[in-house]
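Colleague: Add chain B to chain A, keeping to what the hints say.
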Amino acid sequence: MGALREWHARRRRNIHVAVFVRSGRDGERSVVSAVETSFDAARPAGTPRQILLARGVTKGFPGVLALDNVDFDVRAGEVTALLGENGAGKSTLIKLMAGFYTPDRGEITVDGVALQADPASAHLIGVATIHQDAHLVPAMSVGENIMLGRWPGRYGWVSRKAQRERARAAVARVAPHLNISTPAGRLSPADQQLIEIARAISEDSKVLIMDEPTTSLSPPEIDRLFRVVDDLKANGLGIVFVSHWLEEVFAIADRVTVLRDGRLVGTEAIADLDHDKVIRMMVGREVREAEHKPRPIGDVVMRVSNLSRDGVLDDISFDVRAGEIVGMSGLVGAGRSELAACIFGIDPYDSGAVEVAGQPIRTNDPKAAIDAGIGLVPEDRRRQALVGLMSVRSNMTLGLFDQTTGYGFLSSQKEEEIAAREMKSLAVKAASSKVRVSTLSGGNQQKVVLGRWLARRPKVLILDEPTKGIDVGAKSEISDLIVRLAEGGMAILLISSELPEILSLSDRVLVMRSGRISAKLTRAEATSETIMSYATTG
Amino acid sequence: MTLENTQMSDIAPAGHGKLPGLRGRISFIDLMQSVGLLAVILLGGAIMSVLSPVFATMRNIENVLQSATIIAVVAIGQTFVILVAGIDLSVASVLVLSSVLSVGLVQFQGLSPEIGVLVALLAGLGIGLVNGLAVTKLRIPALIATLATMTIGRGLAYIYSGGTNIAPVPRFFVDLQAARILGIPAVIVLTLALALIAQIVLSRTSFGRSIYATGGNPLAARLAGIKTERVIIIAFMISGLMSAIGGLLITARFEAGAATAAQGLELAVIAAVVIGGVSLFGGEGNIGSMLLGVLLLGLVQNAVNLLNVPPNWDSVVSGLVIAAAAALDVYRRSYLEAGMRKKVIATKSKQASKA
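Protein sequences, first through last, are from chains A and B.
Note that this note's numbering has the first sequence beginning at 1, numbered continuously upward.
Note that this note's numbering has the second sequence beginning at 1, numbered continuously upward.
Hints are computed from structural coordinates only; laboratory data are not their basis.
One should not assume that every hint holds.
[What the hints assert, rightly or not] Straight line, CA to CA, 25 Å or less: simulated DSS-like cross-link-like pairs of lysine-lysine: (1) K414/A to K367/A; (2) K459/A to K227/B; (3) K293/A to K434/A; (4) K434/A to K424/A; (5) K459/A to K520/A; (6) K293/A to K414/A; (7) K137/B to K367/A; (8) K227/B to K367/A; (9) K520/A to K277/A; (10) K424/A to K459/A; (11) K227/B to K414/A; (12) K137/B to K227/B.
Only chain A is shown next, with the shape it has when bound in the complex (with noise of 0.2 Å):
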């Protein structure tokens, strides 16, 4: 503790010392060792100093390439905004930067120091994350959620009088409204964010990384955070903001970063840049131009009116007719999972109504949307679709009761016919239908759930991602399965990220943003371009 209490000193008379941390078992760090280095390295003037460098960052998992090459770095004094689209490899690279993994290949550096893998020396070498929803302890004082994990004090007790009046003096600067002596659970939400900023602030980062902090902020919120953010700023911070909102990287960075596929696209100074070049940065990629074969399409199945939801949705209307595919595009956190939630029941809605074939369906009702003819294959299949116990058998007729079931007595003849009719139609891979369906793959577990499904033989199927951490070969093959589905004249509403799917796929396109539909686009109308910016902007 001595060595650690001593490089603190040092870095308060601004002499940059490498450290070699080591997380305890019990949480305690240590200093392993701390080289003295000196970073009064010429540069050329007028340019702010660089404080984190990354070179040449790879970063693998099983089946993906999250970072493919990517050179990045984020300069004293300066806001530099990280673009992309869902999945372009933003998270990775915030997460590699705080710490939380390793390179495969390339390095990160702050003031010339080589970043470990480990949160506690990202933080001590000074870069601290502020993540998309807060991470404070809601019973603690917002003082010891300041403090937390570097109580003031010795032998474990901790001195509340110097706790105080670090935080207070780390409050004062972003958040002189709050009273440390608050509990943290009881800030708005944009409150508990000012005082993640506090909780950075006072260990004297150097860089700042803010994962979509706007999210769940209101306007004015968002205000004084931009203000706190310029007085950062002329502090001399480094600040790395992630936001799909292009107004707010207009209104607040000096730099625009944009990744893609993994890869860097590009990093241009904001003044260089207008809107329809970031988006143009953002989508690139050529579109391919799948086949899509018009199909007859029929009347009106389901019609969803004016339905509201207090702070998650926002007056939402469409309908969904018979053969046809509506695909639902938006970013993540624009509602759209949340509207699928009102319409199967799983959530209420505080106003407005779901019809199907012209009939209301009672709200917070699954089985009330089941039986009027609603499918949903959710998002999350392992948590929200399957029992990871049971096997792939009664996972596939989980709740057909009236289908496998006599007198209330199960028949395990009808159940293997279900099973073995839909395995056969969806070609699911596993060597029987009494294996565990925890031990299938991502892709074959999809068609499990699509499976129950389609034995029930739904008006209208909501799709909710279908093809996440799904293989390409599985992916392809649930693409066609939908076309079957339509082509059979089943009313299909396709919620996906992925723009060359919804692009592929869909007869109309609703693009959501902040809970409402910003947009409903012909297929003729539908390209990147126009969804990218229905779901940024407007």
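Modeller: Showing chain B alone in chain A's frame:
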């Protein structure tokens, strides 16, 4: 889930090219659960028959089984609750309340014994309903909700009985205790019959399937159209009803409306159920294995008595056995699951290399 319809060849040891034991009606782990427990019981029995000349007598074995019936009947109900990832602490209180009502209504109120039994059973169902509603509608954690009804139930039993045992009992109870069917005590036959019904309900009916689904993944069950709240309420009602039946058995055994009996029985029941392989996380377990857990606990109690362990030490011994059995269970389960994971990964990479 009976043992006989799974052949040993189904449990292929790792490396034999097929997924281990996932083929029969019973999973590998379920089978090992039963086989493992059975082995421990047989081994323990063998050791006991060497150590104590009394142990292997028909009389003693019958005695062990007969005293296990009460825990077994209550444990059947508890199994339903634990399968939906709940817990029911009120079982012993429901049991004594049922016991004092079944005798007291005849003794104090002069009602017929049939009415007494009926009211006792309805009281059990009623407390189960309250537990279920508290857990589902008020969203009180099951541990707390049933802790409350446990305290209330015991209190009501004391108030009604005046804190003492009520005797004599109606003739019906004496006959029940003495009756034999094909030479086997009727209470044992009754217990086995209830266990068989419970097992059939769990494995062969849509309600049973809903129980496993609700415990295994409540959200997925709800999204598949299962009324999970209703399933949970019924599970608690079954537990209440079975506890009330346990109360009738204890009345017959003690020939009294026993207000002060069954102290700490809820913990013995939960221990037996968990030793019997029912997962406290829900969704996993079956009645057959669970009964072996009850039997093991009964055996330990019997051994402690026969070996003249000082009375103050017998609860220490029982506790150690529970801890050992549970630790062994956790160890075996993680060992098996690790093996299964390896197996699955191996199979997947094999499939991948073929493709």
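Colleague: Does each hint fit the structure? Answer for all of them.
Modeller: Hint by hint, here is what the structure shows:
no., hint, verdict
1, K414/A to K367/A, "holds (22 Å)"
2, K459/A to K227/B, "holds (22 Å)"
3, K293/A to K434/A, "violated (38 Å)"
4, K434/A to K424/A, "holds (15 Å)"
5, K459/A to K520/A, "holds (22 Å)"
6, K293/A to K414/A, "violated (36 Å)"
7, K137/B to K367/A, "holds (18 Å)"
8, K227/B to K367/A, "holds (7 Å)"
9, K520/A to K277/A, "holds (23 Å)"
10, K424/A to K459/A, "holds (22 Å)"
11, K227/B to K414/A, "holds (22 Å)"
12, K137/B to K227/B, "holds (13 Å)"
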